[in-house]
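Student: Could you build all of it, start to finish, from the sequences and the hints given here?
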Amino acid sequence: MKVIISGGGTGGHIFPALAIANALKAIDSSTEILFVGAEGKMEMEKIPAAGYHIEGLNISGFQRSFSFKNLSFPFKVLSSLHKAGRIIERFRPDVAVGVGGYASGPLLYMASCKGIPSVIQEQNSYPGITNKILARKAGKICVAYEGMEKFFPHEKVILTGNPVRADILDIRGKRAEAAAYFGLDENTRTILVIGGSQGARSINRNILSGMQKFNASGFQLVWQTGKTFYSEAQAAVKTANEKRLKAYDFISRMDLAYAMADLVISRAGASTVSELCIVGRPAIMVPLPTAAEDHQTKNIQSLVRNEAAIMISDSEAAHRLVDESLKLIGDESRLRQLSINIQKLALPGSAVEIAKQIRELAIKR
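Under the numbering used here, think of the first position of the sequence shown as 23, with each following residue one higher.
Simulated from the structure, these hints should not be mistaken for lab results.
Just to be clear, a hint being listed does not mean it is correct.
As the list claims (entries may be wrong) - Below are the DMTMM-like pairs computed for lysine to aspartate or glutamate, each with C-alpha atoms no more than 25 Å apart in a straight line:
| no. | residue 1 | residue 2 |
| --- | --- | --- |
| 1 | Lys349 | Glu208 |
| 2 | Lys172 | Glu315 |
| 3 | Lys196 | Asp207 |
| 4 | Lys235 | Glu354 |
| 5 | Lys235 | Asp353 |
| 6 | Lys47 | Glu67 |
| 7 | Lys178 | Glu375 |
| 8 | Lys159 | Glu171 |
| 9 | Lys235 | Glu208 |
| 10 | Lys378 | Asp192 |
| 11 | Lys196 | Glu208 |
| 12 | Lys98 | Glu111 |
| 13 | Lys24 | Glu382 |
| 14 | Lys235 | Asp284 |
| 15 | Lys265 | Glu354 |
| 16 | Lys378 | Asp189 |
| 17 | Lys24 | Asp116 |
| 18 | Lys154 | Glu61 |
| 19 | Lys386 | Asp50 |
| 20 | Lys47 | Asp189 |
| 21 | Lys265 | Glu346 |
| 22 | Lys105 | Asp116 |
| 23 | Lys159 | Glu177 |
| 24 | Lys386 | Glu177 |
| 25 | Lys265 | Asp207 |
| 26 | Lys366 | Asp353 |
| 27 | Lys320 | Glu346 |
| 28 | Lys366 | Asp284 |
| 29 | Lys366 | Asp192 |
| 30 | Lys154 | Asp116 |
| 31 | Lys235 | Glu254 |
| 32 | Lys260 | Asp284 |
| 33 | Lys68 | Asp189 |
Claimed, not checked - Derived Cβ-Cβ restraints for the label pairs, each shown as a range:
| no. | residue 1 | residue 2 | range |
| --- | --- | --- | --- |
| 34 | Glu54 | Lys159 | 20 to 28 Å |
| 35 | Pro175 | Glu315 | 15 to 23 Å |
| 36 | Lys378 | Gly169 | 19 to 27 Å |
| 37 | Pro70 | Lys159 | 23 to 31 Å |
A quick note: this is a predicted structure, and the numbers were derived from the prediction, not measured.
Where a beta carbon is used, it is the ideal one built from N, C-alpha and C, also for glycine.
Tutor: Below is the structure:
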């Protein structure tokens, strides 16, 4: 069986894609998998590092505000469609899978034109316009939230949840290893700050401004900043001269980061929400205000309704984020209740279920 998987741009698309690929391989090791991503994006590095081959399309997003970059957008779309068609003709896949990101559109469109069945993996509670268009010809649409029939043909929708990295499916018993990995005390409560694989500027700025409060609190901090903010954060941590405060541009061992965390501060990307449900970690979430259709806010509304997470808007973060996180990390009873509530919303086994749906569609063909 040959499967082509397209998409990427952020860790939120890449890690689920890898989880699906690994699940397909686990079911049948002879499955051939080819990834298609966007040139210059992080998938071109992360996918080969995971042992898979990837080809790149010269595609980027359309800027919502005026930009001269938009002048080249139609030409990039046309060249990407042409290259995607050539990749499909050469690889001859039995099924095409789109996980979101710039490359998904051209690849899935050309697959449908050539009669290749396709599966859309929609991670968010509010789909983008590309997936709404592609859904018309998709064979199956795997979703992470209930009620997605209002966006997609109901007969194609399958509630699977979002795939997560295999190493975080069970983090029990890893606290001591995590403490050694980060150079921290396993018995001291720890706040984990993650802004996604590329960081989150407003979260980073507020953590930086609250460094003195973190330093004085006695709690530990593990802070993933993203590359662009790392030097500034690292300088602040060194100035504090406190071994309890750690800054990293990227954390590769997220299983240990979650194992160490008693509280997580993060954006509300779909993959992050799914991971937090699986690991059962209390969270304060700050949705990205510029996300298309405000989908990050929609992603966590069910968590907030079920008292499974706390939401602070980006505009409120400057005067609420640090104080509320330090207050919550000191409240053992509330931490425990948030943990219990968020785990109830977990959908484990998503990657395997999606892999089964992919294989079923390919075999049917």
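Student: Each hint needs a verdict: does it hold in this structure or not?
Tutor: For each hint, the structure was consulted:
1. Lys349 x Glu208: With Cα atoms ~20 Å apart, Lys349 and Glu208 stay inside 25 Å; holds.
2. Lys172 x Glu315: Answer holds: Lys172 to Glu315 is near 15 Å, not above 25 Å.
3. Lys196 x Asp207: Distance of about 13 Å is within 25 Å: holds.
4. Lys235 x Glu354: 19 Å, holds
5. Lys235 x Asp353: 17 Å, holds
6. Lys47 x Glu67: Given that 25 Å is the threshold and the Cα spacing comes to 21 Å, the pair holds.
7. Lys178 x Glu375: 15 Å, holds
8. Lys159 x Glu171: Judged against 25 Å, a Cα distance of about 15 Å means the pair holds.
9. Lys235 x Glu208: 21 Å, holds
10. Lys378 x Asp192: Roughly 22 Å between the alpha carbons, so the hint for Lys378 and Asp192 holds.
11. Lys196 x Glu208: 10 Å, holds
12. Lys98 x Glu111: The given pair, whose Cα atoms are some 20 Å apart, holds under the 25 Å limit.
13. Lys24 x Glu382: Status holds; Cα separation ~13 Å.
14. Lys235 x Asp284: 18 Å, holds
15. Lys265 x Glu354: 23 Å, holds
16. Lys378 x Asp189: 20 Å, holds
17. Lys24 x Asp116: Satisfied, since the Cα-Cα distance of roughly 5 Å is no more than 25 Å.
18. Lys154 x Glu61: Holds, because 24 Å separates the two Cα atoms, which is no more than 25 Å.
19. Lys386 x Asp50: 17 Å, holds
20. Lys47 x Asp189: It holds: about 16 Å lies between the C-alpha atoms, which stays within 25 Å.
21. Lys265 x Glu346: 23 Å, holds
22. Lys105 x Asp116: 18 Å, holds
23. Lys159 x Glu177: 12 Å, holds
24. Lys386 x Glu177: 16 Å, holds
25. Lys265 x Asp207: At roughly 10 Å apart (the allowed maximum being 25 Å), Asp207 and Lys265 satisfy the hint.
26. Lys366 x Asp353: Judged against 25 Å, a Cα distance of about 21 Å means the pair holds.
27. Lys320 x Glu346: 22 Å, holds
28. Lys366 x Asp284: Roughly 18 Å separates the two Cα atoms, so the pair holds.
29. Lys366 x Asp192: 15 Å, holds
30. Lys154 x Asp116: Holds, at roughly 23 Å.
31. Lys235 x Glu254: Holds, because 17 Å separates the two Cα atoms, which is no more than 25 Å.
32. Lys260 x Asp284: Roughly 23 Å between the alpha carbons, so the hint for Lys260 and Asp284 holds.
33. Lys68 x Asp189: 16 Å, holds
34. Glu54 x Lys159: 20 to 28 Å: 23 Å, holds
35. Pro175 x Glu315: 15 to 23 Å: 20 Å, holds
36. Lys378 x Gly169: 19 to 27 Å: Between Lys378 and Gly169, where Cβ atoms are some 23 Å apart, the hint holds.
37. Pro70 x Lys159: 23 to 31 Å: Given a distance of about 30 Å, which is inside 23 to 31 Å, the answer is holds.
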